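Residues per chain, in single letters:
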Amino acid sequence: MLETAQGADFTHFYRENVGRLIAHVMRLGSPYEEAADVVQEAFIAALPQWDAIANKKAWLRTVCTRLHARYGRGRRRQIASDEVDSPLCDRSAEQVEYRDMQRRVREAIARLPRAQREVMAWDPEESTVAEIAAALGTTVAAVKTNRSRARARLKAELGLKEGDRDGD
Amino acid sequence: MATDDSDTRLDALLRSAYDDVADVVASRLDVAHSRTELLAALRSARFDDRECVPSVDNPQAQALLRLFDQVGRDLREIDGWLQERLMDTRSRDLLRNAGDQVSRLFQGIARRTLGGPDAFDLLARARRLARTLDGTLRKTVFVRADQRGQLDFEPMERLEDVMRELGRAEPLLLKLYADDGTPTAIGVLV
Chain A
0 MLETAQGADF THFYRENVGR LIAHVMRLGS PYEEAADVVQ EAFIAALPQW DAIANKKAWL
60 RTVCTRLHAR YGRGRRRQIA SDEVDSPLCD RSAEQVEYRD MQRRVREAIA RLPRAQREVM
120 AWDPEESTVA EIAAALGTTV AAVKTNRSRA RARLKAELGL KEGDRDGD
Chain B
0 MATDDSDTRL DALLRSAYDD VADVVASRLD VAHSRTELLA ALRSARFDDR ECVPSVDNPQ
60 AQALLRLFDQ VGRDLREIDG WLQERLMDTR SRDLLRNAGD QVSRLFQGIA RRTLGGPDAF
120 DLLARARRLA RTLDGTLRKT VFVRADQRGQ LDFEPMERLE DVMRELGRAE PLLLKLYADD
180 GTPTAIGVLV
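From first to last, the protein sequence lines stand for chains A and B.
Read in order, the letters of the first sequence are residues 0 to 167 in numbering that gives the first Met the number 0.
Read in order, the letters of the second sequence are residues 0 to 189 in numbering that gives the first Met the number 0.
In case anyone wonders, no lab produced these hints; they're calculated from the structure.
Only a predicted model underlies this, so the values are computations on that prediction, with no experimental measurement involved.
Worth double-checking, as some hints may not be accurate.
Pairs of lysine to aspartate or glutamate residues, derived as EDC-like cross-links and limited to a Cα-Cα distance of at most 16 angstroms, are as follows [unchecked claim]:
1. A/Lys154 x B/Asp6
2. A/Lys160 x B/Asp68
3. A/Lys56 x A/Glu124
4. A/Lys160 x B/Asp29
Example chain B residues on the side facing chain A (calculated, C-beta under 7 angstroms, incomplete) [claimed, not checked]:
5. Ser5
6. Tyr17
7. Val20
8. Val30
9. Leu66
10. Met155
11. Arg167
12. Pro170
13. Leu171
14. Leu173
Where a beta carbon is used, it is the ideal one built from N, C-alpha and C, also for glycine.
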């Protein structure tokens with residue numbers, strides 16, 4: 000359907016990134032439906048200026064982060080635990096323990112201060128620190144600091160003790 | 000580089016949390032459906048300024064309002080078609096510009112705030128823009144037809160309707176302003 004060069008680029012980008020963007024917004028704390036709405040709104044904002052946006056991935060994540068904050072105003076943060084959790088039936092004791100830990104991780108992330116949570120929402124396998132800094136409009140040093148503080152806080156909340164070394 | 004065991008465990012937990020979210024998205028997201036919704040939202044964002052035809056006592060004015068309302072609907076249909084296919088910005092600019100002229104005509108006649116010369120000027124601009132759009136769109140549609148081996152006549156037919164409707168507006172405008180006793184309108188036509 001979208002046969003122009005601009006349309007082909009948009010379609011390709013949309014197919015490749017819509018899922019990742021929704022996941023990103025969910026990691027910020029939105030439930031799935033809200034995350035999908037946020038991403039749709041961001042794409043609507045992007046379309047009229049599509050050719051002028053140099054770094055589309057970063058631009059859309061930036062807009063999504065702002066929209067998430069706007070959507071989330073006045074409501075308690077959540078990490079969509081009920082959506083991520085599978086049904087209770089047919090679970091072994093190990094699975095229950097694993098799920099419980101997963102829930103604790105999500106809740107711990109949700110309790111992070113906003114700047115730290117925004118940094119932790121980025122999947123480190125998908126983006127570099129420099130890309131995250133550019134998208135958030137901050138410095139590489141600030142991203143590293145927020146990530147470091149977030150990790151320390153998560154470790155404390157999750158009861159992960161520092162000290163044991165597994166490599167040199 | 001030294002790695003704390005707590006770092007390794009945290010990395011594993013975070014990785015797992017990231018993957019869980021990705022799994023939820025993968026299980027719930029229907030990209031094709033989502034994209035259709037996006038296009039519908041794009042269209043409705045442009046259509047929410049839809050006008051309704053007010054009732055006026057002058058039969059020419061009433062007929063013109065209905066006509067311009069219909070032109071507005073046709074232009075919005077074409078706009079939806081263009082937007083769905085993300086056509087070149089020039090076509091959409093032409094279409095929006097034509098829509099603006101028609102909208103000003105509609106508002107000016109409904110409120111009786113538009114003088115004859117301005118009305119004919121707006122109509123002439125709308126017709127000129129529609130003709131230019133017709134030429135631009137025709138080329139694009141035929142190029143696409145060559146590429147795909149099929150022709151999409153719908154927007155062209157709709158645009159022909161628009162040009163026909165704008166043509167029908169001219170004698171109605173003439174009569175309206177003649178009835179209103181504004182002979183300057185006739186002067187513009189000569």
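Hints, verified against the model:
1. A/Lys154 x B/Asp6: Distance of about 8 angstroms is within 16 angstroms: holds.
2. A/Lys160 x B/Asp68: violated, 70 angstroms
3. A/Lys56 x A/Glu124: holds, 14 angstroms
4. A/Lys160 x B/Asp29: Cα-Cα ~41 angstroms, so violated.
5. Ser5: holds, 4 angstroms
6. Tyr17: Since chain A brings a Cβ to about 5 angstroms from tyrosine 17 of chain B, closer than 7 angstroms, the hint holds.
7. Val20: holds, 5 angstroms
8. Val30: This interface hint holds because 6 angstroms falls under the 7 angstroms limit.
9. Leu66: It is violated, given that the least Cβ distance between leucine 66 of chain B and chain A is near 30 angstroms, above 7 angstroms.
10. Met155: violated, 17 angstroms
11. Arg167: For arginine 167 of chain B, the interface hint is violated, since the closest Cβ of chain A sits about 33 angstroms away, which is over 7 angstroms.
12. Pro170: violated, 38 angstroms
13. Leu171: violated, 35 angstroms
14. Leu173: With a minimum Cβ separation of about 38 angstroms from chain A (threshold 7 angstroms), the hint on leucine 173 of chain B is violated.
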